[in-house]
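Q: Line order of the protein sequences matches chains A and B. Under the working numbering, think of the first position of the first sequence as 616, with each following residue one higher. Under the working numbering, think of the first position of the second sequence as 11, with each following residue one higher.
These are computed hints drawn from the structure, not numbers from a lab. Hints should not be assumed to be uniformly reliable.
With a straight-line Cα cutoff of 16 Å, these simulated EDC-like cross-link-like pairs (lysine to aspartate or glutamate) come out [said to hold, decoys possible]:
1. A:K959 to A:D1006
2. A:K710 to B:D107
3. A:K1080 to A:E962
4. A:K931 to A:D1001
5. A:K657 to B:D107
6. A:K713 to B:D107
7. A:K964 to A:D1006
8. A:K964 to A:D996
9. A:K775 to A:E746
10. A:K710 to A:D986
11. A:K657 to A:E984
12. A:K931 to A:D986
13. A:K713 to A:D773
14. A:K658 to B:E37
15. A:K648 to B:E23
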Amino acid sequence: MNTYIPQIGVTTGEVILEFSYLLAAILFIIGLKLMSHPESAKKGNSWAATGMGLAMITTLFLHRDNSGTTISLINGIVIIVAIIFGGILGTFIAKRIKMTAMPQLVSFFNATGGAASALVALMEYSNPANESSLVTLLGLVIGTVAFSGSMIAYGKLDGKVGDIFAKWTTYLNLFLLALIAVIIVYMLAFEHDMATQTTLSYILLVVALIYGIMFVMPIGGADMPVVISLLNSLTGIAAAMAGFIYHNQAMILGGILVGSAGAILTLLMCKAMNRSLINVIIGAFGGGGAGVDKDQGAIKEITLSDAAVLLTYSQKVVIVPGYGLAVAQAQFVANDLVQLLESKGVEVKFAIHPVAGRMPGHMNVLLAEADVPYTKLVEMDDVNPDMPNTDVTIVIGANDVVNPATLDDPSSPIYGMPIINAHESKNIIVMKRGMGKGYAGIENFLFFDDKTRMLFGNAKDSLQKLVSEIKEL
Amino acid sequence: MEQILIYFYENKEVIFIIALSIFLGIEVISNVPSVLHTPLMSGANAISGVIIIGGIILLGHADLSTFSLNMVLGIFAVIFGTLNVIGGFVVTDRMLDMFKKKKKK
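Please construct the entire structure, taking both the sequences and the accompanying hints into account.
A: Written out as structure tokens, the structure reads:
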């Protein structure tokens, strides 16, 4: 197993280790590829996990440092204990969390990855054998920003952290970025003794921590999906930087793969909202007072029995779900309503806006949980041409994604974002808890439309009552 | 200038891998239906936990005979990395379970 091969100056174990990294890298790529089709997605996830497990085990048993020493028994035991502890904790959290809290959870796990990268870079920086100072420092900064940024994103999605937005945050952020650059240059350009170096790396860590917090703080809730995707991409890059330090191909490939895939996903999301990334980062959704003075008209409510009759005698019904559906856990009742209406010969579809909920695909996951076949979920671009022929659109806990202000009010902060054209259908029923504004904090004129009727209350209760009302017809 | 040339030449394999991986990432993700955006983001997040390898290498060769800050930080690096990897894959699997259940019908 560990015979020395003089021709290449290494042992067989090291060859096997490198080979396992190659295998792991291939498994990551195939896994990610399989994950992009609904049929094979689960298999893809297992393949990627297998690749990771393989790389972890071979590293533990076969890795040698520059002097050729393997990982000792005691160190190995400490590592295994740490892995078991982290593994049990991770599994526990991942299994216990509610489906609605999924976006927060992804953000939280992303934070832990960023923290791990930052810690590895921090310690490697003081290792004299490490020659890639610049890459190490960049890894430290990027990992730290990914960590503190993701924690703030987690807090925001969980409703624990509010938004701070003022002009000064933009300037402060630019100042912090400049400060980070100055510290890095100062560290690299001049010779420092060990103690100064360590102190400077800790100062860098603190500044990067603050930058991560201040970077996410002013960004409005509606943009959180974009931010999480961006931070995910950063974590990948930070892992790749650490891979650069160790000349570890599996880490480099895995990290960069996530980095570029995350970047593309981020841009796709920005495109779905018709905004540039810069605009998302700097010009936070503030809920500026735009359009407040416009003549709003009156809100009209609908009774449950009227809603039941209207729906039962329709031919085409489109349901637009939003975060309110997720919060109320109303996906199961929504499916009951669909099946009931279909048994009465009504054609029902779900119209999914790319940024509905708190994450792209959030609604798809929720509705899939309630066994809604994914052929019933129609994307925005496919459903819009059909909207004028739709008899009733039911908006369940969605707001900004059906706000017609994006189409005709240039003063609106979300002007230009493509929406589901609910206002074009013949009737609109809006299920909402109250007259509160959407996540972007903007008034929605759809609610004042002549064709719109409001059904106030918790989405789950309203749907349940609606279902029993229709059954009695 | 000469330094940059040397740096490029010495790290050419790594730079090759990075360049190709960027295109690979773009290619792999570009034709994804939005149904899968959340699970894919979550799966990619789990893969970024590959930093755990770095944690294992670091803690594996650390001097554990005396108590030090580095030792504590190293242990935390491994725990955080594992959280990212295992939590990430388990949560992705849970999300994808929902797609599968429906397929059997």
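Q: If a hint holds in the structure, say so; if it does not, say that too.
A: Evaluation of the provided hints:
1. A:K959 to A:D1006: 15 Å, holds
2. A:K710 to B:D107: 12 Å, holds
3. A:K1080 to A:E962: 21 Å, violated
4. A:K931 to A:D1001: 10 Å, holds
5. A:K657 to B:D107: 7 Å, holds
6. A:K713 to B:D107: The given pair, whose Cα atoms are some 14 Å apart, holds under the 16 Å limit.
7. A:K964 to A:D1006: 12 Å, holds
8. A:K964 to A:D996: Roughly 14 Å separates the two Cα atoms, so the pair holds.
9. A:K775 to A:E746: 42 Å, violated
10. A:K710 to A:D986: Judged against 16 Å, a Cα distance of about 19 Å means the pair is violated.
11. A:K657 to A:E984: 15 Å, holds
12. A:K931 to A:D986: 21 Å, violated
13. A:K713 to A:D773: 12 Å, holds
14. A:K658 to B:E37: 19 Å, violated
15. A:K648 to B:E23: At roughly 24 Å apart (the allowed maximum being 16 Å), E23 (chain B) and K648 (chain A) break the hint.
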